[in-house]
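Please put together the full structure from these sequences, using the hints given.
Number of protein chains: 2
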Amino acid sequence: MKYIGINGYGTIGKRVADAISLQKDMKLAGVTKRTPNFEAKMAADNGYNIYMSDPTKEQLFEEADIKVAGTIDDLQDKIDLIIDCTPEGVGAKNLKSYQRAGIKAIFQGGESHKEIGRSFNSAANYDENIGADYVRVVSCNTTGLCRTLTPIAEIAKIRKVRAVLVRRGADPSQVNKGPINSIVPNPPITPSHHGPDVQTVLKGVNIFTIALLVPTTLMHQHNIMIELDSKLEIDDVVNKFGESSRVILVDAKNGLGSTAEIMEYANDLGRLRSDLYEIAVWRESINIVDNELYYMQAVHQESDVVPENVDAVRALLELGDSNVSISKTNQSMGIL
Amino acid sequence: MKYIGINGYGTIGKRVADAISLQKDMKLAGVTKRTPNFEAKMAADNGYNIYMSDPTKEQLFEEADIKVAGTIDDLQDKIDLIIDCTPEGVGAKNLKSYQRAGIKAIFQGGESHKEIGRSFNSAANYDENIGADYVRVVSCNTTGLCRTLTPIAEIAKIRKVRAVLVRRGADPSQVNKGPINSIVPNPPITPSHHGPDVQTVLKGVNIFTIALLVPTTLMHQHNIMIELDSKLEIDDVVNKFGESSRVILVDAKNGLGSTAEIMEYANDLGRLRSDLYEIAVWRESINIVDNELYYMQAVHQESDVVPENVDAVRALLELGDSNVSISKTNQSMGIL
Numbered sequence: 001m002k003y004i005g006i007n008g009y010g011t012i013g014k015r016v017a018d019a020i021s022l023q024k025d026m027k028l029a030g031v032t033k034r035t036p037n038f039e040a041k042m043a044a045d046n047g048y049n050i051y052m053s054d055p056t057k058e059q060l061f062e063e064a065d066i067k068v069a070g071t072i073d074d075l076q077d078k079i080d081l082i083i084d085c086t087p088e089g090v091g092a093k094n095l096k097s098y099q100r101a102g103i104k105a106i107f108q109g110g111e112s113h114k115e116i117g118r119s120f121n122s123a124a125n126y127d128e129n130i131g132a133d134y135v136r137v138v139s140c141n142t143t144g145l146c147r148t149l150t151p152i153a154e155i156a157k158i159r160k161v162r163a164v165l166v167r168r169g170a171d172p173s174q175v176n177k178g179p180i181n182s183i184v185p186n187p188p189i190t191p192s193h194h195g196p197d198v199q200t201v202l203k204g205v206n207i208f209t210i211a212l213l214v215p216t217t218l219m220h221q222h223n224i225m226i227e228l229d230s231k232l233e234i235d236d237v238v239n240k241f242g243e244s245s246r247v248i249l250v251d252a253k254n255g256l257g258s259t260a261e262i263m264e265y266a267n268d269l270g271r272l273r274s275d276l277y278e279i280a281v282w283r284e285s286i287n288i289v290d291n292e293l294y295y296m297q298a299v300h301q302e303s304d305v306v307p308e309n310v311d312a313v314r315a316l317l318e319l320g321d322s323n324v325s326i327s328k329t330n331q332s333m334g335i336l
Numbered sequence: 337m338k339y340i341g342i343n344g345y346g347t348i349g350k351r352v353a354d355a356i357s358l359q360k361d362m363k364l365a366g367v368t369k370r371t372p373n374f375e376a377k378m379a380a381d382n383g384y385n386i387y388m389s390d391p392t393k394e395q396l397f398e399e400a401d402i403k404v405a406g407t408i409d410d411l412q413d414k415i416d417l418i419i420d421c422t423p424e425g426v427g428a429k430n431l432k433s434y435q436r437a438g439i440k441a442i443f444q445g446g447e448s449h450k451e452i453g454r455s456f457n458s459a460a461n462y463d464e465n466i467g468a469d470y471v472r473v474v475s476c477n478t479t480g481l482c483r484t485l486t487p488i489a490e491i492a493k494i495r496k497v498r499a500v501l502v503r504r505g506a507d508p509s510q511v512n513k514g515p516i517n518s519i520v521p522n523p524p525i526t527p528s529h530h531g532p533d534v535q536t537v538l539k540g541v542n543i544f545t546i547a548l549l550v551p552t553t554l555m556h557q558h559n560i561m562i563e564l565d566s567k568l569e570i571d572d573v574v575n576k577f578g579e580s581s582r583v584i585l586v587d588a589k590n591g592l593g594s595t596a597e598i599m600e601y602a603n604d605l606g607r608l609r610s611d612l613y614e615i616a617v618w619r620e621s622i623n624i625v626d627n628e629l630y631y632m633q634a635v636h637q638e639s640d641v642v643p644e645n646v647d648a649v650r651a652l653l654e655l656g657d658s659n660v661s662i663s664k665t666n667q668s669m670g671i672l
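Those protein sequences? They're chains A and B, same order as listed.
Residues 1 to 336 (the working numbering) make up the first sequence, in order.
Residues 337 to 672 (the working numbering) make up the second sequence, in order.
Everything labelled a hint here was simulated from the structure, so no lab data went into it.
For clarity, every value in this text was computed on a predicted model and none was experimentally measured.
Note that beta-carbon positions come from the ideal geometry of N, C-alpha and C, so glycine has one too.
Check before you lean on any hint, since a few could be wrong.
Listed next, the in silico DSSO-like pairs over lysine-lysine satisfying Cα-Cα at most 30 Å (straight line) [as the list claims (entries may be wrong)]:
no., chain 1, residue 1, chain 2, residue 2
1, B, Lys493, A, Lys157
2, A, Lys157, B, Lys567
3, A, Lys160, B, Lys539
4, B, Lys496, A, Lys240
5, B, Lys393, B, Lys513
6, B, Lys513, A, Lys177
7, A, Lys160, B, Lys576
8, B, Lys377, B, Lys360
9, B, Lys589, A, Lys114
10, B, Lys496, A, Lys157
11, A, Lys231, A, Lys253
12, A, Lys231, B, Lys493
13, B, Lys496, A, Lys231
Covered stretches of chain B (in silico footprint by chain A; criterion: 3 or more residues with CB under 8 Å from a CB of chain A, positions within the stretch not fixed) [claimed, not checked]:
no., region
14, 512-520
15, 538-548
16, 591-599
17, 626-635
Some chain A residues flagged as far from chain B (calculated, every beta-carbon gap over 10 Å) [stated by the list, open to error]:
no., residue
18, Asp25
19, Met42
20, Gly131
So this is what it looks like as structure tokens:
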């Protein structure tokens, strides 16, 4: 059995911990926490072993009556692979420690491709990463783009992709982030970094992205324009998305005309935290005019990368090929 | 002297009334009000003659102690031209009444091009509309697109325009409109109607638009991608926008990195209602890659069409050519 640790138990870390726990071919050895906040208490209630990422805080954990199993170094001794879910930019600094410990590591999209060396998306390049030591799962936005660009690239020749990414300003619990009543070009330059980030997994695709922030917390929204070098019909696209893993079609006319209504649908699915792991494509938005494909999609920023993290474990630890892993992950997590 | 009436004294009507009052070559004969609300009181305080668009409400005006000069029919008898600022779809129904009264009329972008027959933007097609009887000033979003596409078309050959319009959900005072925390593809189909609307004034331009609503009240934001059939440098674009009427360049690095900060700048300009008549283009966003021009701009939805309404009066009443009118309007309104 392969043992997995999670470093950082925040928005992504807690979700990945729960998802790893659902798998039969790997075992969650423990998670790290920096401070004994409500999430630490809930991790303990879940029966997760808690390791301190900052051993100087031991007394705080004692005072909070949260039992710790040791420090992050102790965790590293017990595991085959660590999933780093620390805040943006921190992960790359941890890489050396993982190397010293002789464990494999998965990082999140906040780290740069250059520092980690490899980037990962299940649909786009799982098999290229089998047996690798270190990999980063690309960010929620890049994952969203890869999820729908990959199937299109399978049925058509893509000449150029243009995408405008309308990003949520903050996650629902981030009370100190904005904007409240403003549209913020972010970055204010063109192109944004998302295009090059897509190219780290979809090599050679010609893509130009523009990104902005808006005052909402629920989901990102993408406006995608794909110039094609081959003929394609709207029905081909609908059918291809319909059969693609982790992509769902939603209809505005059925009451799913906004990100808020899509999250209401996710609530009704009854999943933990009401997460929507799938990328939702608005069926009505799919159009082809003058050999150019247009569509709009929504991305649940807190959860779409969670199944990719599980698959990345299997790729790095050679627990199966992409079809095997995607199928196991989807089945265990109830992905549509 | 030419006499002008305003039918509807709401968001656009009150602004147009104030702008007409500033002109020396036309005179505001009066404005219509349906109900004696705070705006009616303020119009009376401004010394504007108030005409009832619904004569059955005379008693309400009496009770509110607002003096009325007559009904809309009385107003129509006194004027050469009426500017219809009634809610979307109402204007076209008023057209016959204006025809019977033998007065020229200007409509807003909520009416369809087909029903009015002519569409207007000062930069794009003023001179085509000289002497016309009826014209619609295109909507705030279409005006924003025309303001920057026209100068680009003057210095380059445009092959295709793609634009994603991130629209404010409601005006600041519209307390019953949403969205509050959601991104809404609006329409959920592609393309949106804005492209064809641009074509009513910029004939023959190949343009595809996608539109959505976000939870903000301040400004629309546009992401514009222009494939060029001729060579162009970034500096050419910066210089051209810099000398274009009703277009301003703003720098994110100077603290103008969002629609909220741009409206703060408009506040500081000290204009009535803190309006920003100009289209604000983020200088840093202007880029040319592979012969395609990219830029982002912000549009103050409540006021950008106001100077166009003034110019449309001069076009229809043959009070001067486009250069004369734009210059008079800009000077009187303090437009940058």
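Numbered hints the structure breaks, given as an ascending list: No numbers; nothing is violated.
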